[in-house]
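There are 2 protein chains.
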Amino acid sequence: MIRKYRIGTPFETEAVVLSIKEETGEIPYLDRNETTGMLVCPLKKEDIVYGLGQNIRGINKRGFVYESNCSDDPLHTEGKRSLYGAHNFFVVDSDEKFGVFLDYPGKAVFDIGFTKTDLLTISTEDENYDLYLIDGASVTQIVKQFRELIGRSYVAPMWAFGYGQSRWSYNDEKEVREVVENFRNNKIGLDAVYLDIDYMERYKDFTVNRETFPDLAGLAKELKEKGVRLVPIIDAGVKIEEGYDVYEEGVAKDYFCKDEDGNNFTVGVWPGKVYLPDFLNKEAREWFGEKYSFLLEQGIEGFWNDMNEPALFYSEKNLDHVFARLDELRKKNLDIHSYFEMMDLVKGISNNEEDYRSFYHNVNGKKIRHDKIHNLYGYNMTRAAGEAFERLMPDKRILMFSRSSYIGMHRYSGIWTGDNQSWWSHLLLNLKMLPSLNMCGFLFIGADIGGFGDNTSQDLLLRWLSLGVFTPLMRNHSALGTRRQEPYCFDDTDAFRRLIGIRYALLPYIYSEYMKAVLRNEMMFLPLAFVYTEDKRVKEIEDQLLVGDSIMIAPVYTQNATGRYVYLPEEMKLIRMHSAGEWEEEILPAGDHYISVELDEIVFFIRKGKLLPLAKEADCVDHMESQLTYLDFADKKAEYELYRDDGFSKDYDKETNWQKIVVEK
Amino acid sequence: MIRKYRIGTPFETEAVVLSIKEETGEIPYLDRNETTGMLVCPLKKEDIVYGLGQNIRGINKRGFVYESNCSDDPLHTEGKRSLYGAHNFFVVDSDEKFGVFLDYPGKAVFDIGFTKTDLLTISTEDENYDLYLIDGASVTQIVKQFRELIGRSYVAPMWAFGYGQSRWSYNDEKEVREVVENFRNNKIGLDAVYLDIDYMERYKDFTVNRETFPDLAGLAKELKEKGVRLVPIIDAGVKIEEGYDVYEEGVAKDYFCKDEDGNNFTVGVWPGKVYLPDFLNKEAREWFGEKYSFLLEQGIEGFWNDMNEPALFYSEKNLDHVFARLDELRKKNLDIHSYFEMMDLVKGISNNEEDYRSFYHNVNGKKIRHDKIHNLYGYNMTRAAGEAFERLMPDKRILMFSRSSYIGMHRYSGIWTGDNQSWWSHLLLNLKMLPSLNMCGFLFIGADIGGFGDNTSQDLLLRWLSLGVFTPLMRNHSALGTRRQEPYCFDDTDAFRRLIGIRYALLPYIYSEYMKAVLRNEMMFLPLAFVYTEDKRVKEIEDQLLVGDSIMIAPVYTQNATGRYVYLPEEMKLIRMHSAGEWEEEILPAGDHYISVELDEIVFFIRKGKLLPLAKEADCVDHMESQLTYLDFADKKAEYELYRDDGFSKDYDKETNWQKIVVEK
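Chains Y and C supply the protein sequences, listed in that same order. Position 75 of the first sequence, counted from 1, bears residue number 75 in my numbering, the numbering being contiguous throughout. Position 570 of the second sequence, counted from 1, bears residue number 1570 in my numbering, the numbering being contiguous throughout.
In short, the hints are calculated from the structure, not lab data. Beta carbons are placed, not taken as given, at the ideal position from N, Cα and C, and that holds for glycine. Treat the hints with caution; some may be incorrect.
[Said to hold, decoys possible] Calculated Cβ distances over 12 Å to all of chain C for the following chain Y residues: (1) R6; (2) S123; (3) D135; (4) A137; (5) R210; (6) K282; (7) R369; (8) G453; (9) E570; (10) W583; (11) G591; (12) T656; (13) W658; (14) V663.
[To be verified] Subject to a maximum C-alpha distance of 16 Å in a straight line, what follows is the list of computed EDC-like cross-link-like pairs (lysine to aspartate or glutamate): (15) Y:K45 to C:E1598; (16) Y:K45 to C:D1492; (17) Y:K536 to Y:E78; (18) Y:K332 to C:D1320; (19) Y:K432 to Y:E78; (20) C:K1332 to Y:E241; (21) C:K1045 to Y:E598; (22) C:K1332 to Y:E598; (23) C:K1331 to Y:D327; (24) C:K1044 to Y:D492; (25) Y:K331 to C:E1316.
[Claimed, not checked] Per the computed footprint, the stretches of chain C lying under chain Y, defined by three or more beta-carbons under 8 Å from a beta-carbon of chain Y, are: (26) 1113 to 1122; (27) 1315 to 1328; (28) 1448 to 1456.
Next up, chain Y with everything else stripped away, as it sits in the complex:
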């Protein structure tokens, strides 16, 4: 059951799609402290808290403080409280189980047994929010209700489930062609090459640098014939430049965010000074969305929306202040106080909280200060595009994923989990985030495989791919200045070829399970505890997941390890895949196992009575054959519901997309 409580006068976030009657009585499960305004809930020692979407730390969120405050911060260390998204839904798994969705677009703080080990508290900047309380007999049942509340998740085209190669940046069409050729020559699967910021002319949205990409449409066409799509990036800010149509139109139509005095608010990002489109303004949203047609018309079928927290390198106003203060500081004998003031001052130029309180949106004629709705900015940028695609290409799926997000955006796009690092701990973090993102409606998801910042190593990339073969978005991306991390840049190209080949073999399964999760409001990635509810041991397993209905994964995430412990909650069949067409099978009893896993193989486990379809290897999704084989763990019988469609149109609900596979022995 879902109950809704309205506190104060909330901003309409459009996160939910169901209309729920407001309750007036006492809020169950949570106490609202009249003095502090905090929502408080006692926690018993064994209680587990799941959720909060994109965040650091564990699957069980206990023992830390999380903030919903969309942040452009590439250093996802254990001490960070916010990443790029704001996903205010969690479930408390206690004697009674209940879900909480705080529909509030400002900064919210969730202290989950950190300050006091036995207390969960929620604080908001002001008391204007809708609160949804959901009960149910199980965590999955609560999640399902929540997912119905927030509406069906975005569906990506099938080609977007192929392997994607990215880099900040492939600088010209020659380099893009070289990448594609390297993949094809090495027989490594490839479906997409991503274009980072440098494809644009001076980092201006909806432009192409004609020197480096003289014929983007031609390039897109040429590559598509090889089964490869180009996926360009779009940033939130619009460069201030006379003669630049997007800038001039935005100014003329008054579609940019304003400062207190009603002037367009100037901030700095990649191109230098920009204005921020007012994505909270419906007309501005329509206008910006239409701009994507510039690229759609050149044959582009996918986009990634970036810098939409919004990331601010600086604001013009604060920069002046900082330089003035630096002028004073430079005269001093810089000591413990003044030196750190100086360093903090400069560090604080970017993504400055004061800046977020200094500009305004026009929402149906009402002036709303940005910080009040900060967490909706990325959502509405992406929604602008998503709604435009519906108008411009109603029958075709367009790939889109965003960096910043709020619940509701899941209806328009996927997300990638932002600027991670080439760290082993971020491989594990990638795994841990998958279920909580699913809980919040984000199904087309993936991390930058191999790590964005810092230098990767062959073993890290191989291990990360071994998780990445299971995530809907499987993209290898890395930053300017770091070691090249295309798979053919390492010693053992063959290992990469085989692992990526396995992705294509698994694709019918990945796609089916993804579509089931979309169409049935279910999760594709589940903690073991969500399914094996009676098994106490699984409650703290945070490095194994169920992927869909048939399999369990347990990737290796430790450098120099050639194996790991795996707990089997029931008898399962281990599959050791050496390549798309070669594998070994072994039935293992329930219990603890130490499983060897070489760098160049993928190990997973089929649940009893389940099976999984397997395709033949292909160099891209377009070239995949429809014929399937089946891997099963049928004692007597194994069943599977296979979902297949054309992969690009939107007729998801057709009966004929479903096929039941039964193996009997």
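Assemble chain C onto chain Y, guided by the hints.
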């Protein structure tokens, strides 16, 4: 066998104490590339590389690049190549086993199978070094030879093995007294309170702020009567301030580092502008060392030497350059290029490599540029103190540990592993660093328990203490602005009381094993693979250690976990300690186990035929009773060599310090 090769004309680091004849033939194991000057060694797939002392990543160092380049960097993430120490000794565990010690005080780079998975390379800034190659039948035998080569490790007084409480900072004597009272009132063991930089007058070494600490000698005496010592910090830089004796003497005697033109080189640290004592100059070293008597005479018996990489907030010269460039940049439309230039410029003010190339030492009349001997600076600061203590108090042990170090410094002091963070990953990193530090001679070691930076949580601190009870230095330390982390600041004070109580019970064992490692050139913390050499499974175990001869530890280092996997290479007896006087025992067979470990208990494993002495709980080392009980895993017989001495004098080699304990059943 140890072989020595001299390349070029090395600087005399005084790392080694044995005189080894130089070989002239070909260097074994390593190829010296004539073009690049690199030392190269092929690695087979199964080879393991151990060592490199204080560093990030695993016990097996393969798969990353490490730099010896003492660095003041508090963010010990996976991508960092240098921490505070430079410990150029490693062992390759291949079909043939060999150790390598690169005695070179400049920056050295060890690429251990990162760039090419099957290659280890060593690069140096110039080719002037001594290279020691050590072979032996086992890793421990190689380590023992190396430790003989570098001389006996420093011995700390026994009180320093008690629990220490630190904070940046306890600001006045009232606060110090409150801390001590809180410990005593809560019956939590305590042997030392650490004074961070604020006890000084304006951050000047060898001064005391008389407003906040009007009578340091009186306070030291008062606390010592309660069994508690005060341990003040000493920084490397000397404040430029007219009338400050240390500054004026140093200038008069010409004991500071010089710029190119022979003027004293000005850098900024805590007090603002300082000069750097030239610790490479023997006379300056003697002079600075004598200064410690200012505190020794006030009853102080221990010190920690900090900021001695040396940490530079800025140099006067570079700061001028940065401000000039900022003046140019502020006129620009700050974009992707100029914005990042500005941020990098300001970030690069501290610990700037160019600054390290801009000042000079006077070594026996020779002008030596700092970067050539950078890694010796902290070593020689601490040696200055250590040599002074020998002169000033020849019969008494003084506690000392340093942040920066080079091999050789281990003869004068211990180290703490610097400014870690309140991260679970740093608890595991703490464990992984212990054996490699032991290999390099550092035996009095410990990390900031609970984490220095960021905010700790009760569970993290409890789990960290569960490792810390085994480390010679057991100190809880935290940074300004972070959550208080004294044990009585959390919900479950009783759990802290019991865990710290267990430390005192274990102390006779910890101390005995430490002294054995000192006196016999052995390791106190060993990877399982060093002992169970025939067991293939232990080769990749990086979260369990042998501590001394009798026990194995396997701490929990994952949040919200109530247990963990443990591999027993042989039958062992599990000890589950609830407090100093309460425990359960259980014999477990060899193999894999999932062991439950509550937050408020300490679990370890006694090896077969071994025993361990256990003392009664005490509130400090001075109050410990001499009576011992024994925990054993005697099938038929268990033996132990117990080392005991008075804990403060230096007659370590007395026969009567040893006692043999035998239990027969």
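So, going through the hints one by one against the coordinates:
For R6 of chain Y, the condition that its CB be more than 12 Å from all CB atoms of chain C holds, with the nearest at approximately 34 Å. S123 of chain Y, annotated as away from the interface, keeps every beta carbon of chain C farther than 12 Å; the closest lies near 16 Å. Even its closest Cβ contact with chain C, about 24 Å, leaves D135 of chain Y beyond 12 Å, as expected for a residue assigned away from the interface. Non-interface call for A137 of chain Y relative to chain C: holds, since the shortest CB-CB distance, roughly 24 Å, exceeds 12 Å.
Residue placement check: R210 of chain Y keeps its beta carbon more than 12 Å from all beta carbons of chain C (closest about 19 Å). No Cβ of chain C approaches the Cβ of K282 of chain Y within 12 Å, the least distance being about 31 Å, so the stated non-interface status holds. Listed as a non-interface residue, R369 of chain Y keeps its Cβ farther than 12 Å from every Cβ of chain C; the least gap is roughly 25 Å. Its closest Cβ contact with chain C, about 8 Å, brings G453 of chain Y to no more than 12 Å, contrary to its assignment away from the interface.
Look at E570 of chain Y: its CB is around 17 Å from the nearest CB on chain C, clear of 12 Å, so calling it non-interface holds up. Interface exclusion of W583 of chain Y from chain C stands, the closest Cβ pair being 22 Å apart, more than 12 Å. For G591 of chain Y, the non-interface assignment is contradicted: its Cβ lies about 9 Å from the closest Cβ of chain C, within the 12 Å cut-off. With a minimum CB-CB distance of about 45 Å to chain C, T656 of chain Y clears the 12 Å threshold, and the non-interface call stands.
Annotated as non-interface, W658 of chain Y keeps its C-beta farther than 12 Å from every C-beta of chain C; the closest such distance is 39 Å. Distance check for V663 of chain Y against chain C: the nearest CB is about 33 Å away, which clears 12 Å, and the non-interface claim stands. For the suggested pair K45 of chain Y and E1598 of chain C, the alpha carbons sit about 12 Å apart, so the restraint of at most 16 Å is met. For the given pair, K45 of chain Y sits about 13 Å from D1492 of chain C by alpha-carbon distance, which is consistent with the 16 Å threshold.
Distance hint between K536 of chain Y and E78 of chain Y is unfulfilled; the C-alpha atoms sit about 27 Å from each other, more than 16 Å. The suggested pairing of K332 of chain Y with D1320 of chain C holds, with an alpha-carbon distance near 12 Å, which does not exceed 16 Å. At roughly 13 Å between alpha-carbon atoms, K432 of chain Y and E78 of chain Y fall within 16 Å of each other, so this suggested pair holds. With a C-alpha separation of about 15 Å, the suggested pair K1332 of chain C and E241 of chain Y falls inside the 16 Å cut-off, and the hint holds.
In summary, the hint linking K1045 of chain C to E598 of chain Y is supported, as the alpha carbons are separated by about 12 Å, within the 16 Å threshold. Distance hint between K1332 of chain C and E598 of chain Y is unfulfilled; the C-alpha atoms sit about 53 Å from each other, more than 16 Å. This hinted pair checks out: K1331 of chain C and D327 of chain Y have alpha carbons roughly 14 Å apart, not beyond 16 Å. Note on K1044 of chain C and D492 of chain Y: the hinted pairing holds, with a Cα-Cα distance of about 15 Å set against a maximum of 16 Å.
Under the criterion of a C-alpha separation no larger than 16 Å, the hint pairing K331 of chain Y with E1316 of chain C is consistent with the structure, at around 12 Å. Proximity of the segment 1113 to 1122 of chain C to chain Y, defined as three or more residues with a beta carbon under 8 Å from a beta carbon of that chain, is established by the 4 residues found. Counting residues of the segment 1315 to 1328 of chain C whose beta carbon lies closer than 8 Å to any beta carbon of chain Y gives 3, which meets the minimum of three for the stated coverage. Here's how the segment 1448 to 1456 of chain C fares: 3 of its residues keep a CB closer than 8 Å to some CB of chain Y, so the rule of at least three is met and the hint holds.
In this structure, the earlier hints numbered 8, 11, 17 and 22 are contradicted, and the remaining ones agree with it.
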